[in-house]
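> Let the sequences and hints guide you as you build the complete structure.
In the numbering used here, the protein residues as written are 5 to 120.
One or more of the hints may lead you astray.
[Said to hold, decoys possible] Estimated spans, in silico, between C-beta atoms of each pair:
| no. | residue 1 | residue 2 | range |
| --- | --- | --- | --- |
| 1 | THR44 | GLY102 | 30 to 38 Å |
| 2 | LYS100 | THR44 | 17 to 25 Å |
| 3 | SER41 | ARG77 | 18 to 26 Å |
| 4 | SER41 | SER78 | 24 to 32 Å |
| 5 | LYS100 | SER41 | 28 to 36 Å |
[Said to hold, decoys possible] Simulated pairs of lysine-lysine, BS3-like, Cα-Cα distance not exceeding 25 Å:
| no. | residue 1 | residue 2 |
| --- | --- | --- |
| 6 | LYS100 | LYS82 |
| 7 | LYS72 | LYS45 |
| 8 | LYS82 | LYS45 |
| 9 | LYS100 | LYS72 |
To be clear, the hints were calculated from the coordinates, so they are not data collected in a lab.
Ideal placement from N, C-alpha and C gives every residue a C-beta, glycine not left out.
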Amino acid sequence: MKLRIPARLAASAALLALTTGVGLMTAPAASAASEPSSCTKRFGDHAGTITANAINVRSGPSTSYASKGYLYRSDNIKLKCGRGDWYYGTLTARSKSGLPAYTSGWVHERFLAQLA
Numbered sequence: 005m006k007l008r009i010p011a012r013l014a015a016s017a018a019l020l021a022l023t024t025g026v027g028l029m030t031a032p033a034a035s036a037a038s039e040p041s042s043c044t045k046r047f048g049d050h051a052g053t054i055t056a057n058a059i060n061v062r063s064g065p066s067t068s069y070a071s072k073g074y075l076y077r078s079d080n081i082k083l084k085c086g087r088g089d090w091y092y093g094t095l096t097a098r099s100k101s102g103l104p105a106y107t108s109g110w111v112h113e114r115f116l117a118q119l120a
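Structure representation (structure tokens):
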């Protein structure tokens, strides 16, 4: 009978935690893990629509961060939080430029509509 190492390690860690009274670390809730720590405004999931053509979706809240690709007019994004004039969100569907659905990144507020 061949046991996989990860299964044995997990079982050993759980046994150790139970016998020593030390709790196991768990991952944060999905909503907290999906928002970057650089957010200063948190507002949950709000629908946003891109209002311009060929805007960059960036890896951080300024133009100094790398572009992940382009978004085009009427691409939809679920906004989660913001920092200054920048908003962090996730594409709700494949973008017109071909970015996959659920790609997350930062966009500037001047290119967004329906922020409420």
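> Hint compliance check: list the failing hint numbers for this structure, sorted ascending.
Hint check: 2, 3 fail, others pass.
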